[in-house]
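Using the hints, position chain G with the ligands against chain V.
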Amino acid sequence: MRAGFDPAIVWAVWMRNFTVYRRTWVMNILPNFFEPLLYLVGLGLGLGAYLEGPLHGPAYVAFIGPGLMAAAAMNGASFETTYNMFVRMTFSRLYEAYLGTPALVQDVVLGELLWATTRALAYGCAFLLVLLGFDLAGYRVVTSWWALALPPVLALIGACFALIGQCFTSLIRVIDLYAYYYTLFLTPLFLFSGIFFHVSRFPFGEQIAWCTPLYHSVRLCRGLSQGAVGLEQLVSALWLLGVSAVLFAIVPRRLRERLVR
Amino acid sequence: MAECPGGSSARAAARPARRTAPRTADDAPPVVLRARGLRKRYGDLEAVAGIDFSVRRGECFGMLGPNGAGKSTTMRMIYRASPIDEGSLEILGLEAAGGHNDRAIKRRIGVVPQEDSLDQELTVRENLEVFARFYGLRGETGRARAEALLAFVKLRDKAEVRVGALSGGMRRRLMVARGLLSEPELLVLDEPTTGLDPQARQGLWERLRALRRGGTTLLLTTHYMDEAEQLCDRLVIMDRGRIVAEGAPRALIAAHLPPHVIELHMDTAGALPEAVAALGDAIERSELLSDRILLYLHDPDAVLSQLAHALPEAEVLVRRSTLEDVFLKLTGRRLEEG
Ligand SMILES: Nc1ncnc2c1ncn2[C@@H]1O[C@H](COP(=O)(O)OP(=O)(O)O)[C@@H](O)[C@H]1O
Ligand SMILES: [Mg+2]
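Just so you know, the sequences run in chain order V and G. Quick note on numbering: the first sequence equals residues 1 to 261 in the working numbering. Quick note on numbering: the second sequence equals residues 1 to 338 in the working numbering.
Quick look at which bits of chain V chain G covers, simulated, 3 or more residues with Cβ under 8 angstroms:
1. 8 to 18
2. 81 to 94
3. 98 to 109
Think of the hints as simulated: they come from the structure by calculation, not from any bench. We put the beta carbon where it would ideally sit given N, CA and C, even for glycine.
Pulled out of the complex, with its shape left as it was, chain V reads as follows (with noise of 0.2 angstroms):
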C-alpha cells in the first residue's frame, strides 16, 4: 500500500465521528440495553417456554443470548459502514474534504473501520450486561471465565461486518440499495446462523452457515459464554481474521479508484 497509514490522521477520522456522536451518546446507547431485553423476555422466556427437550425454558434463554450479542456487534458495524459511510462519501463530501488534507484514502478506510468496530464494541458490551444480569437472576448465560476473552472476539466481529459493509458501499452508486444488503444478506444471517435453533436442521444447513459470517461469530460467542472451547473456536476467529484481512486488502484499493479519479 502506497505510502502506508498516518496513525495521526487515522485517529482524526474516528476522532471526528466521535466528535459528532459525542453529543447523542447517551441517547444512543440506550435502545442498545433495550433491544436484548426485548429478545430474551419475548423469545427466550416466552418462545421458550413452549420448547420441549434440552432447550426448554431457561435454557432457551442461555441458548439464544450468546448469539444474539454476536448479532448486536453485527448490527453496530453494518450501520456506520453502509448508510452513514455512503452519506460522508456521496451527499455531505466529507471525504472529498478529508482528501483536500494531507489524509490518503486507506487512512479514510481505517479510521471509519476502526469507528465502525468501536460501535459494534459498545453494542456487543452492552448486550454483555445485560447477558450478566440475567445471571445474577439466576440464569446460566455466561457461566465460563472465557468469557473475559469477549469483549475482542465482538471487536473482531465488529471488524468482519464493518469491513463486509465497506466492500459493499465502495461498489454501489444508489443508496436504495442497501435494502438488498439488509434483507437478503443481513436478515437471513441473523435468522440462519444458528442464533435460535441449530442450522443442521436444513439440508447442507451446516455447510453453507460456515462460508458466512454470522455463524462464525454465535459459534465463537456461544462457546466463550459457556466455556465450551476446542477447535471450532479457533476455526472461527481465523475464519473472521481471514476474511477481515483479505477485505481490508482489497477496499482501500475500490475506494481510492472511486474518490481520485
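Frame of chain V, contents of chain G with the ligands only:
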C-alpha cells in the same frame, strides 16, 4: 492578533515584499509550481489537453475560463485528488506525477475545493478543530490555530453555530480557514467566489489580499474576469483543456487588443454598417455580436463624432478593453457561455 495567522507572516518577514522591491529576471522569486505538458482524459474527453504554466512564490496566479475548460481538473491534479495521465507537475520542488509524493505535497499546500464540503454535523469551531487533527495539530495547538483562523476570516462570533446556519459568504470564508490550517506555502482555491453576492465576494477578496500580503502564494480559478483583473498578478486563460493566453491582466490585454472599445448597441446588427467600414484604419478590429458591434481602437475620440453623425439611432458606449474581450478574440465565444 496579526493580520495573517501564524507562519505565513513570519515567512513574509523573512524576505522583502514583492511589491516594494521591483524584480528583475535574476532576483525573481522561485517557482513553486510548474506544469509541463500536463494532461488528463476522461474516456474520450481530454479535460486537460497538455498545458504548461508556472507560478512564482508570493504571487496570486489565476486560471480564467468558462465552465468545462478544465480548471477544476487542473486544480484536482494539483491537490492530488486526481491522478496525472501525462506530463509533469512540480509542486514546491516535489514531482506530483506518479503519486509517490502525494502525502508530502498535501502537507504543504492548502486546499479550498469548488464544492462546499464543510461538515454539516459540526459547529464552525469544530470544523476547524476536527480538521486540525489531520495536520497533526492536537489539543491546545489545534484549538489555538482554530481560534486564530476564526479571527482571520472574521467568524469568531459564529464559532459555536452549526455550519448549516451560515450564509454563503461565511461558509466560503470557513472553507478558506480550513484550507489554511496547515499554514500552507501555497493555497489552491477553486472558484472561491462563485455564487456569492457582491458584498460576500468583496469580503473574500479582501481576505485573499491579506493572505497575499502575508506572503502566501495563491492559485485560484474563476470565471469572473473582474475577479481575475482585481486579484491576480498573472493569469492564464483556459478553454477546452488548453491555455489560450497567459500574462499579467493589463499586459495580456495590451498584447492582444487595442486599449479601447466602442460598443454600438442597435437592433439590426446583421452586418457591419457602411459608416463603420468608412472609418477605415482607425478601427483596428471589429466584432459582430447579435445585439451590438464592438470596435477596438486606440483613439476613440477621433471617431465618436463621426459615428454619432452617421448612426444616430445607435446607442454608443466607450470602455476599456477587458480580459473578456481577449477571450472573445481568441476563442470566438463569451466566457459565460461555456
Ligand atoms: N470525474 C469526471 N469524469 C468524467 N468527466 C469529467 C470528470 N471531471 C470533469 N470532467 C469533464 O472534464 C471537463 C473539464 O471539467 P472541469 O475541470 O470541471 O472544468 P471547469 O472547472 O473549468 O469548469 C468537463 O467537460 C467535465 O465534464
Ligand atoms: Mg470547476
